[in-house]
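Trainee: Join these two chains into a complex; the hints should help.
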Amino acid sequence: MLKITGIHKTFNPGTINEVHALRGVDLTIEEGSFVVVLGMNGSGKSTLLNAVAGSFRVDEGSIKLDDRDVTKWPEHRRAAMIGRVFQNPFSGTAPDMSIAENFAMAASRGKTRGLGWALSKGLMDALRDRVATLKMGLEDRLDNAIGSLSGGQRQALTLLMASWIKPSLLLLDEHTAALDPKSADQVIELSKEVIEKDGLTTLMVTHSMQQAVNLGDRIIMMHRGQIAHDFRGAEKKRLRAEDLLDCFEEIRRREQLDESAAAMLEQLYI
Amino acid sequence: MTLLLGAFTIGLILSLLAMGVYVSFRIFDVPDITTDGSITLGAAIAAVLLVNGYNPLVATAAAAVGGAVAGSVTGVLHTRFKINALLSGILVMTALYSVNLHVMGRSNIPLMQARTLTSYSEKAGQWLIGANDFNLFGWRVGAGDAAVLVTALLAAIIVGYALYLFFRTNVGTAMRATGNNPQMIRALGANVERNIILGLALSNGLVALSGALLAQYQGFADAQMGIGMVVWGLASVIIGEALVGGSSLGLTIIGTILGSVLFRLLVAIALRWGLNPNDLKLITALFVFAALVLPRVMRQMKGRPRSAA
Chain A
1 MLKITGIHKT FNPGTINEVH ALRGVDLTIE EGSFVVVLGM NGSGKSTLLN
51 AVAGSFRVDE GSIKLDDRDV TKWPEHRRAA MIGRVFQNPF SGTAPDMSIA
101 ENFAMAASRG KTRGLGWALS KGLMDALRDR VATLKMGLED RLDNAIGSLS
151 GGQRQALTLL MASWIKPSLL LLDEHTAALD PKSADQVIEL SKEVIEKDGL
201 TTLMVTHSMQ QAVNLGDRII MMHRGQIAHD FRGAEKKRLR AEDLLDCFEE
251 IRRREQLDES AAAMLEQLYI
Chain B
1001 MTLLLGAFTI GLILSLLAMG VYVSFRIFDV PDITTDGSIT LGAAIAAVLL
1051 VNGYNPLVAT AAAAVGGAVA GSVTGVLHTR FKINALLSGI LVMTALYSVN
1101 LHVMGRSNIP LMQARTLTSY SEKAGQWLIG ANDFNLFGWR VGAGDAAVLV
1151 TALLAAIIVG YALYLFFRTN VGTAMRATGN NPQMIRALGA NVERNIILGL
1201 ALSNGLVALS GALLAQYQGF ADAQMGIGMV VWGLASVIIG EALVGGSSLG
1251 LTIIGTILGS VLFRLLVAIA LRWGLNPNDL KLITALFVFA ALVLPRVMRQ
1301 MKGRPRSAA
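As they're listed, the protein sequences go chains A and B.
Heads up: the first sequence at position 211 corresponds to 211 in our numbering, and the numbers run straight through without jumps.
Heads up: the second sequence at position 222 corresponds to 1222 in our numbering, and the numbers run straight through without jumps.
Bound conformation, chain B alone (with noise of 0.2 Å):
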């Protein structure tokens, strides 16, 4: 049972930075791999902050505008100085891992001692319930475990409506339109430049943000924790769109949050299960792989019957 609080935990954590990914990838149509650096960068400064006493919030808020920082250095590589987004993603990440390092002084940070999000929250759930576990259905669930669990799902809700409301208004439509057609929302005024730079600060954010909570979730931070997560997200985001079907903006958001939390299910469960925990980036990239080939193959096993009548 804990291992299953634990997996939702972590999915719905990650949610975050799955919705980082949507909006670069789906959004901008940018596979934005700066997320693979501005996770740990979130996890970094969020860590030295609290280590040094700084309330939660203001570090777990801090870590979101280093990420939006990151995002859009590799906003104004791609726009103004016209790298490849993918390239540019590349250089940010590559000088992230060293700009990491320096805000951590060392390559891992324990936060076993300090408080954080996740302590106040596990204080909060055994205050409410009086008592150190409590009975779910005939578990037994830890209090603090289920308090954390609360607390991450709220996180997902409240950063998944805000996204949400903010992609209706008229900044964040214009937003979506540039990523749909920059041609359109260019002869109607609007600076394609900079909704991109915006675009990836705002993804990077959520992805640090998702990084600080991860590291406050699970204890430390490290400088590797940022290997094949932009990966991870895509995953996130194409189980999403799976689920929900329709590419309805509210949808899709809703679908990349169960999309998070799904995976990181299947993950838990085949670990369980014997699953080389080595392998695992290996197994992601080959279900991003298939599922981003699967679709077109589909289609032409679809075809061919219909071209042969």
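Just chain A, same shape as in the assembly (with noise of 0.2 Å):
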């Protein structure tokens, strides 16, 4: 279970480029929950998703993770218990290495590393078997670097990766908004399926309507560093791709009406 109160995030703090990322976040994940997280760029939807990993420190608030106080906890300490995709495929696995050796770090993730072989005969043997059932045919290139693969096999690897050893939360950010649409598909039916067998508590960041309709049991709309709309239950379930883009429509008129109602202000009264 997640449970994030009030925090608050300002980047560059006294200078010119000052941006209040975070204005105050309340969000409560159950356990076993799939949260969709949607959002305009900038909204600050990324931003939460390493507030909760720990890529860097809130100012205000607090973040719980399974009864656990983590505000304070450096990121590598976190991810003892947070599984983690990158937006960008480049970012999740270690090129020059290894499959099997970049598999060897995740099964050992969280763990104190000791000199005990990375490569164990019981980590090659699981490995193989959970690799074929991704029908790529890597199973037989476990020796390979894994900067040999295409985009959309580095991120199904790296989903892999980061529920080898089952973690208390996943952070999916965009995981597919780099990949061909085939890629990303197969990417996401992927997510589903490791999301369910193991009924993982979810917090996953889209630019996709039809992903946020289709994926999850709660859809989050973030807005200027702050949730905007909360849709959960039978909500979220008649939810459909338009009813969100209306709902973003709305966000922008209402923004544009605050505009120019200040502007009008300013003519009249300046």
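Honestly, I wouldn't trust all of these hints.
Unchecked claim - Under the rule of at most 20 Å between Cα atoms (straight-line distance), these lysine to aspartate or glutamate pairs were calculated in the EDC-like manner:
1) Lys-237/A x Glu-30/A
2) Lys-1281/B x Asp-1222/B
3) Lys-166/A x Glu-189/A
4) Lys-111/A x Glu-1193/B
5) Lys-1082/B x Asp-1222/B
6) Lys-1082/B x Glu-75/A
7) Lys-192/A x Glu-174/A
8) Lys-72/A x Glu-1193/B
9) Lys-64/A x Glu-30/A
Hint data in this document are derived by calculation from the structure and do not stem from the laboratory.
Mentor: Structural data, given as structure tokens:
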């Protein structure tokens, strides 16, 4: 279970580049829930994910994961509980190392790494079986450098790596945005399968309304560093992509209205 | 023949330095100039202990530990204090110059009288062969010289193999990933900062080990002996990569050892042909420059006709 309470984050405070990226986000995600985060560019959705992962410390508020307060934990310590897939297929794997070695590191996520062999026989056997289920023919290429694979293959493997040890929370950060449509579909199918198999608590950021509608049991819409809408339960099930688009349109219109109203007031009174 | 034997021996001893540079430069992608100071530090620690009658193995091990400490200081400056990696190395190298003079107490310690790994090997060689020299394919070879060469070879093989095994353990694999993709290995729960510190400690430990052996072989430790050694190591690593081609871990380590020996041989031959020893560092630097630039030039040359087609 993830419990976020009142988190704020300002980047570059006191400079002209100051960005108030998170403005008081409260969010509780129940065990086994699959939450999709939507939002326009700059709405703070990726920042929210990074705050949970620990890429930076939040200025205010607290983050609790499985009843443990991880607010002050560094990223690598939180990694013991969090599995992660990045937007960039190059981010989640070590390109010059073999597929097997990449998985060996995933198999020791959050554990103390000692002088045991990274590529134990037990791991190799389990790995071959698991990778074979991808039907990408990679099970015979476990010794190949992972950098020689396509983006889709790398994202699929990163997903398996992130869930090799069951994480308390799975973070997917627009993990299909950099892929061609066919690979994106494959990775989405795999994500569904992995999440359902272990009932993983998941937080996924996406740009795709269709993905948001098809996946998960709850949609959160971010706007200007806050949660603007929260659809869940029956409401989420009824939701269509068009409804989400309307929602966005409404946010945009309200914003324009605010701006034009401000301009009008300015003209009248200043 | 003695010249050739000497070149082989020094090449093998410096292959430990080359492996150290391989760890920092190739695995962690940090051109770590601490090397120049830590090779002298290794020589200095070993020399002082040897002169005071310590066992050569103890003296050599102490030297490696000293180098590891120097490397971890560089690592701490770089990771904890966020100083640029190159600058951290320069700072520690500069500081080490004074440290080395303090360790030695003067700028040069001769080891001619001390019992060293070299003198032990020589004695063992003469005892095994039962004569001062023997016939090898028609050449007269000193039994002592040959024994020292074998010792150096053993040292290179043992250290190379240990390094290979280490980088295949869980912690070693995570350290390789730290250089390859820090974001990824951080997301998998590794402490990237700690790994970099460990890696630089390992690298400089190897370098200091090389320095300790070098001092025992050439019979002295000198405050100036480290100048330009990191470039020497880079040259060995680059030659090694060209020799073995592949990028697999085992091959590159073997290549680094071969590269160091080959480079030393080339230098010995060049000196024999009348190369001014004063030009040696210049030539080495030019060589590394060429080795770094040539691959890109070659790619551009290859790329041109393709883009025209």
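Trainee: With reference to the structure, classify each hint as holding or not holding.
Mentor: Hints, one by one, checked against the model:
no.	hint	verdict
1	Lys-237/A x Glu-30/A	holds, 18 Å
2	Lys-1281/B x Asp-1222/B	holds, 17 Å
3	Lys-166/A x Glu-189/A	holds, 19 Å
4	Lys-111/A x Glu-1193/B	holds, 17 Å
5	Lys-1082/B x Asp-1222/B	violated, 32 Å
6	Lys-1082/B x Glu-75/A	holds, 17 Å
7	Lys-192/A x Glu-174/A	holds, 14 Å
8	Lys-72/A x Glu-1193/B	holds, 17 Å
9	Lys-64/A x Glu-30/A	holds, 12 Å
Violated hint for the displayed structure: number 5, the only one.
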